[in-house]
Amino acid sequence: MTVTASTAVNRGVGGSPVRPDGVLKVTGEFAYSSDLWVEGMLYGATLRSPHPRARILRVDTAAAAEMAGVHAVLTSGDVPGKKTYGLIVDDCPVLATDEVRYHGEPVAIVAADDLDTARRACKLIAVEYEVLEPVSDMHRAAFDPGSPRVHADRGNNIVRYQPVRHGDPDAEDVRGRAAVVVTREYEVGMQDQAFLGPESGLAIPAEDGGVDLHIATQWLHVDQEQMAPCLALPPEKVRLTLAGVGGAFGGREDLSMQIHASMLALRTHRPVKMVYDRKESFFGHVHRHPAVMKYTHGADAEGRLVFAKVEILLDGGAYASTTEAVVGNAASLGIGPYECSDVLIEAYGLYTNNPPCGAMRGFGAVQACFAYESQMDALAAELGMSPVEIRRVNAVKEGSILPTGQRIEGPAPLREILEALVTMPMPPAPGKGGRRELPPGGYGNTTRGEGVRRGVGYGVGIKNICYSEGFDDFSTARVLLEISGGEPIASVHTAAAEVGQGLVTLQAQIARTELGVEHAVVLPADTQVGSAGSSSASRQSYMTGGAVKTACEAVRMEVLELARHRLPSLLAADESWSDIHLAEGALVLGDRTLAKLSDVLGTDVVEATREFHHRRTNPLDPVTGQGDSHVQFAMAAHRAVVDVDVELGLVHVVQMDVVQDVGKILNRLSLEGQIQGGTAQGLGLALMEEIQTRDGLVRNPSFTDYLIPTILDMPPLNMRILEFADPNAPYGLRGAGEPPTLSSTPAIVAAVRDACGRPLNRIPLRPDQIALGDDDV
Amino acid sequence: MTTAGMRLQLTINGRTCVATDVPPYASLLNALRDHFGLPGAKNACEQGECGSCTVFLDGTPVCSCLVAAGQAAGASVTTVEGLADEEGLSLVQQAFVAAGAVQCGFCTPGFLMAVRDLQYRVRGRTIINLDDEEVREALAGNLCRCTGYEKVIDAVRAALAHPTVPQPPVGASG
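As they're listed, the protein sequences go chains A and B.
Just so we're aligned, residue -6 is where the first sequence starts under the numbering used here, counting upward by one.
Just so we're aligned, residue 4 is where the second sequence starts under the numbering used here, counting upward by one.
Bear in mind the hints are in silico, worked out from the structure with no lab data behind them.
Just so it is clear, CB atoms sit at the ideal spot from N, CA and C, and this is done for glycine as well.
There may be inaccurate statements among the hints.
To be verified - Sample of chain A residues at the chain B side, in silico, Cβ under 8 Å: (1) G33; (2) M34; (3) L189; (4) I482; (5) Q494; (6) F696.
Take the sequences, apply the hints, and build the full model.
The structure is reproduced here in structure tokens:
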């Protein structure tokens, strides 16, 4: 086979042109941050705390500094400027000062001739600790006034408390309408992003006293904003260029070694590369918040939700990271895409001495989704309803009011999603032909099928798209149009992070469509152009896509302006310049080609830089939780079919089916990849993925002990994509990366419950829960 | 204290290559990436769990992170950089790009080597009698975090369906 050249049309919006970085990635030439190399560079390494909570009494770096090949050993006292940073609250020390607050917190950094020397030098740094009792239990951190405070300068361990009050779920007349009431407690373990490309970067000291950092990150400008004050440099002297990113999933939102590598480079006047190994990576980025949740739902005899009361505790670990925003999502989306008028949701984000938690795909909505979907199934079981029917009865639609008081603008086609899902074909019954199924547990299981039961489950999720609660996460694009070799070429320059999702492909597609050109190139992302915001919150198609589109429109206006001056006789008197569009390298009116772009532009270069802002949102009221806090909502639903060995507690996922509304398909190939990948991460959370901690200590920082789904764990995934356009969004699109991660998890757990009959209130599921009922909360 | 390095000679992608000053504790992965200028094999876990560093060592696919560089002295090594030839990308490489099997791409070099090994092993058979389970089993040692593997399977199917099957180099297994 050969890769067929696409035509201009299907290389634009709606087509699936191949990735511009695809060839480099299959030949091994694509330069990931960990592949960077420059003459004369040193290697950096980090000394990390072995304790979750301890006072630092003394740090002696003398022996390390004297080691041959070592060029610098730096501690907190060497941080040139501000000693702390953070995405929302700047409470995270660049290097620990007088106290360490989590297992793995950076204490000192070393630059040496090679990585091995740097790592051995770290071991020569003597740190004397006074070990303190860690705060590791969420309930105690939140509600026990006798609990130690993780941050002594704060009155308690609560990062954010956000209630959402709508109606009165305790009113007697409300309670009286409920035919059934279910109360359950749920727990979600700590999931890791487990991107494959380890944290890495190359800092190069510049002649102007600044630093050039090549880094794998999700948001160049917010890195720059946090780094500059700590390095005591003006932002323009901290220049960042995006290096190749080996996946992100939220784990690269917070800084890792950005300041460390820069400090070492500035101190040694040599380029410094830092690259974590897998173990260090587990300590080097924040994780998904573990959650402890208590849910009470009441429903009437028809299954309609009457009231809901919810308490959600989210473990933010030692430093705030994005916990505030994660709490906002969990609170505002706490009962999911269902109508209910009498609701109380109370969400807490907590400080503990567990590993810091922040962004991961789904961001606060994942944890709540597992609980509310489990509740829907529990209600359905009590009422003798089907899981699909209870969801259909309560589904939100356009115009529905959420517990925050926010009205859903534009389509919210959950009923249509469910209708499409139930019509998708089921796999053949066990032993009835079709795909040869492995037994649960794989070839190692000696079962002859006697304990194997099949189960089916459903899950639905709703995710906010773009940043919320009043945050203006705009994006900036610069677009150039010029003639080169007789052909028009569009260049797109943004600071948007390509992390694997295919944004580089999409930016070029938009330029091709908007400017009617075949050739569009996306320039490397750096801080020489305005912020693009983060590659997070499923927002880049919307925001950077919107910015590229807007900049292209400005370029087109300027092209038309040029044409009007240079070729005024192109149009008849009754024709309007504003009706002209650009297609196939020409100005076109209706089906009439007026002039080639090359004849209009000549040697001129037309350029426009534009910011794109989404509609304004509002903060949630701190007492009532009321407010139009979200930009857009996106929904997906999964059906999972599983085989469970109920005696051994082993699960084999036989098939999954997914339906998602994306508003408008911009690139089907990339989109399908997002839905498939998101489903896999949801499967991982349901069945295997957990960073296990004991008294704040991380027990399994390796891919030997932290399992992510392999190709054998993933079932065939059938997919239907719906396009209910959002009139407020560019091209009508809906952000798509996160929703499938939400709904995949509860669908699988529901299917396992269906097979084994256990409550299964804690994820990831473990064999002893399934076989013996152990560890259920 | 910097340890004195060793001289290491390998035949990499058909060419004789020599590196001096390779640390005695270096893995084959380290040697390829840091001393032979071939960063295509990837350092995702360096524990033999993810397969991103897979190369052929005398025709056998190995996790290069688990092979001491010195153990490979004199051996023939094929890396992802050796998959394309003068005529361009191999079928599998083309299929990975076309099928959308590449997202972040960090696992891709390892997958490509594993698929190449599968191609050698199933030579003479057709896609018709190669079922999905066999494909999945062959790739079970390679982790991918982005794709959920569906499009990887699509790419493998497309590549294996093609009548042109690569010839294993001398010494290849299977």
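Results for each hint:
1. G33: For G33/A, the interface hint is violated, since the closest Cβ of chain B sits about 15 Å away, which is over 8 Å.
2. M34: 11 Å, violated
3. L189: The hint holds - L189/A has a Cβ within 8 Å of chain B, the shortest such distance being about 4 Å.
4. I482: 22 Å, violated
5. Q494: Interface hint status for Q494/A: holds (7 Å vs cutoff 8 Å).
6. F696: It holds, given that the least Cβ distance between F696/A and chain B is near 4 Å, below 8 Å.
Consistency note: the structure conflicts with the earlier hints numbered 1, 2, 4.
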